[in-house]
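Trainee: Residues in the sequence shown are numbered from 169 upward in steps of one, following this note's numbering.
Be aware that one or more of the hints could be misleading.
[Said to hold, decoys possible] No more than 30 Å apart at the CA atoms, straight line, and that leaves these computed lysine-lysine pairs for DSS-like:
#: 1; residue 1: LYS308; residue 2: LYS283
#: 2; residue 1: LYS518; residue 2: LYS189
#: 3; residue 1: LYS189; residue 2: LYS429
#: 4; residue 1: LYS247; residue 2: LYS199
#: 5; residue 1: LYS225; residue 2: LYS199
#: 6; residue 1: LYS306; residue 2: LYS283
#: 7; residue 1: LYS431; residue 2: LYS414
#: 8; residue 1: LYS414; residue 2: LYS249
#: 9; residue 1: LYS248; residue 2: LYS495
#: 10; residue 1: LYS414; residue 2: LYS429
#: 11; residue 1: LYS569; residue 2: LYS414
#: 12; residue 1: LYS543; residue 2: LYS518
#: 13; residue 1: LYS307; residue 2: LYS189
#: 14; residue 1: LYS252; residue 2: LYS189
#: 15; residue 1: LYS306; residue 2: LYS225
#: 16; residue 1: LYS425; residue 2: LYS252
#: 17; residue 1: LYS543; residue 2: LYS431
#: 18; residue 1: LYS518; residue 2: LYS247
#: 19; residue 1: LYS425; residue 2: LYS414
#: 20; residue 1: LYS429; residue 2: LYS252
#: 21; residue 1: LYS414; residue 2: LYS247
#: 22; residue 1: LYS569; residue 2: LYS542
#: 23; residue 1: LYS307; residue 2: LYS283
#: 24; residue 1: LYS291; residue 2: LYS199
#: 25; residue 1: LYS307; residue 2: LYS225
#: 26; residue 1: LYS425; residue 2: LYS248
#: 27; residue 1: LYS189; residue 2: LYS248
#: 28; residue 1: LYS199; residue 2: LYS431
#: 29; residue 1: LYS249; residue 2: LYS425
#: 30; residue 1: LYS235; residue 2: LYS252
In short, the hints are calculated from the structure, not lab data.
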Amino acid sequence: MNVVIIGMGTAGYAAAMEAAKRGAHLTVIEKRDFDTFSPCGLPYVIDESIPSFEDLKHSIRLRNTEKLLSHTVESIDTKKKTVKACDCVSGDCRTISYDRLIIATGTSPVIPPIKGARELLGKGTFVVSGIDDTSQLKKKADVSHSCVVIGAGAIGLETACTLHNRGLEVTVVEMLPQVFPQAIDEDMASDVKNHLEDSGIPVVVNARVESITQEGGVLITADREYAADFAVIAAGVRANVALAEKAGITMGTWGIKVNPKMKTSAPDVYACGDCIETFSYINGEPWMMQLATSALQMGQIAAINAMGGSAAYQGCLNTFASELEGKEIASCGFTEAQASRFGYDIAVGKGSGRVTADYYPGEETVKVKLIVDKKDHHLLGGQAFGVGAFWRVNVISLALKARMTVDEFSTMELAYTPPLSTSHDALHSACDFALRRL
Numbered sequence: 169m170n171v172v173i174i175g176m177g178t179a180g181y182a183a184a185m186e187a188a189k190r191g192a193h194l195t196v197i198e199k200r201d202f203d204t205f206s207p208c209g210l211p212y213v214i215d216e217s218i219p220s221f222e223d224l225k226h227s228i229r230l231r232n233t234e235k236l237l238s239h240t241v242e243s244i245d246t247k248k249k250t251v252k253a254c255d256c257v258s259g260d261c262r263t264i265s266y267d268r269l270i271i272a273t274g275t276s277p278v279i280p281p282i283k284g285a286r287e288l289l290g291k292g293t294f295v296v297s298g299i300d301d302t303s304q305l306k307k308k309a310d311v312s313h314s315c316v317v318i319g320a321g322a323i324g325l326e327t328a329c330t331l332h333n334r335g336l337e338v339t340v341v342e343m344l345p346q347v348f349p350q351a352i353d354e355d356m357a358s359d360v361k362n363h364l365e366d367s368g369i370p371v372v373v374n375a376r377v378e379s380i381t382q383e384g385g386v387l388i389t390a391d392r393e394y395a396a397d398f399a400v401i402a403a404g405v406r407a408n409v410a411l412a413e414k415a416g417i418t419m420g421t422w423g424i425k426v427n428p429k430m431k432t433s434a435p436d437v438y439a440c441g442d443c444i445e446t447f448s449y450i451n452g453e454p455w456m457m458q459l460a461t462s463a464l465q466m467g468q469i470a471a472i473n474a475m476g477g478s479a480a481y482q483g484c485l486n487t488f489a490s491e492l493e494g495k496e497i498a499s500c501g502f503t504e505a506q507a508s509r510f511g512y513d514i515a516v517g518k519g520s521g522r523v524t525a526d527y528y529p530g531e532e533t534v535k536v537k538l539i540v541d542k543k544d545h546h547l548l549g550g551q552a553f554g555v556g557a558f559w560r561v562n563v564i565s566l567a568l569k570a571r572m573t574v575d576e577f578s579t580m581e582l583a584y585t586p587p588l589s590t591s592h593d594a595l596h597s598a599c600d601f602a603l604r605r606l
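Put together the whole structure using the sequences plus the hints.
Mentor: Here is the structure:
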């Protein structure tokens, strides 16, 4: 079976591995001049926690596979079952037939309508999206003393921290009222903001940047100016859907519309990863997901079904984690605000405390928040901030996957030893608090 895969990000890579394992004759088309890379590692090359961008690159060697690197797909003909692929260097084009097509075109960074933002790209404004653009940013940081990061999501804040670790003066400017606006609630976001500012990174929220001048030298908001040598634009990403849309494939609100088998509206065409609109595991509603872990699953599922197998995606939980200036922030499921928008009557449980026994040396703490449906006591989401936040959210994510009630979750048995934990974890305290609210 001839399988064509467009894009070799996480989802495309997973699809290629799975399809090859099942005996496909593969054609992989990628606009980069190398196979694939790990974009989540980009911020950590800036401060050389990861020594080189080369460390992020990966090559694939698969049987019966033709790799067309430095190629773009100009069009898809879903009736003739062909794609037109063109060489980015020579301009030569060829038509490739497929039995099954998998679209994994990923995302592109959003450049907001800020005067000067697009005009100064690569000179005074930079994005953290690929190796080339992040390499430009790193070179600029080498000869700079200060910068402003526009956007307080994961990429923006992780980049702010690594630039700060390089010795730059960094200010974060966020249009919305809080950091991580899609992942955590305002109360947890306030703790993260305070931690960043205590670490020497000012965070300005409710501030819309209106213009950037002097190759990034001055950023102007509604009420003040910020002097900086350059600006990092981290205002989110947008699904790359133009190719699929031009081919007449049905779109959702956030990306290519697929069913749980990753099947699009076109015959024998699948899509996976950041370019699609997925759905929530909790309530089945359409959802936006742009996480590597989910993209990996989707790529595998698309390939299994394309090769005649049967697999279905169960929905996303948006299980997320980040590390900022020595502290972890993590979340999964719905935030309090999201659950309320979906019409749930919710109870919230919070717990905090030390991460080691109270008599053991050390002062590290963690805070946990649970969101619970009052109607049936099912968990809807969770958030954590502090040491060990990520593993606690992983535990909550597993409980969400099992559709546990908070009553059931409160009976969890966790490992205990004084240097690593307490006998009554912040997770237990959050459960106790939530149960009292039901």
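Trainee: Run the distance test for LYS429 versus LYS252: straight-line Cα separation, threshold 30 Å.
Mentor: Satisfied, since the Cα-Cα distance of roughly 25 Å is no more than 30 Å.
Trainee: Is the straight-line distance between the alpha-carbon of LYS425 and that of LYS252 30 Å or less?
Mentor: 22 Å, holds
Trainee: Below or equal to 30 Å on CA atoms is what counts here, so check LYS291 against LYS199.
Mentor: This hinted pair holds, its Cα atoms lying about 23 Å apart.
Trainee: Are the Cα atoms of LYS425 and LYS248 separated by 30 Å or less?
Mentor: Distance of about 21 Å is within 30 Å: holds.
Trainee: Checking one constraint from the list: CA of LYS518 to CA of LYS247, max 30 Å. Satisfied?
Mentor: Violated. LYS518 to LYS247 sits at ~55 Å, over the 30 Å cutoff.
Trainee: With the threshold set at 30 Å, check whether the alpha-carbon distance from LYS431 to LYS414 stays at or below it.
Mentor: Holds, because 17 Å separates the two Cα atoms, which is no more than 30 Å.
Trainee: Check the hint pairing LYS189 with LYS248 against an upper bound of 30 Å on the C-alpha distance.
Mentor: Given that 30 Å is the threshold and the Cα spacing comes to 27 Å, the pair holds.
Trainee: Would the hint linking LYS414 and LYS429 be met if the CA-CA limit is 30 Å?
Mentor: Within the cut-off at roughly 22 Å; holds.
Trainee: Can you confirm whether the C-alpha distance between LYS306 and LYS283 stays at or below 30 Å?
Mentor: 23 Å, holds
Trainee: Would the hint linking LYS414 and LYS249 be met if the CA-CA limit is 30 Å?
Mentor: 14 Å, holds
Trainee: If you draw a straight line from the CA of LYS414 to the CA of LYS247, is it 30 Å or shorter?
Mentor: 13 Å, holds
Trainee: Are the Cα positions of LYS225 and LYS199 separated by 30 Å at most?
Mentor: It holds: about 14 Å lies between the C-alpha atoms, which stays within 30 Å.
Violated hints, in rising order: 2, 9, 11, 13, 17, 18; the structure is consistent with all others.
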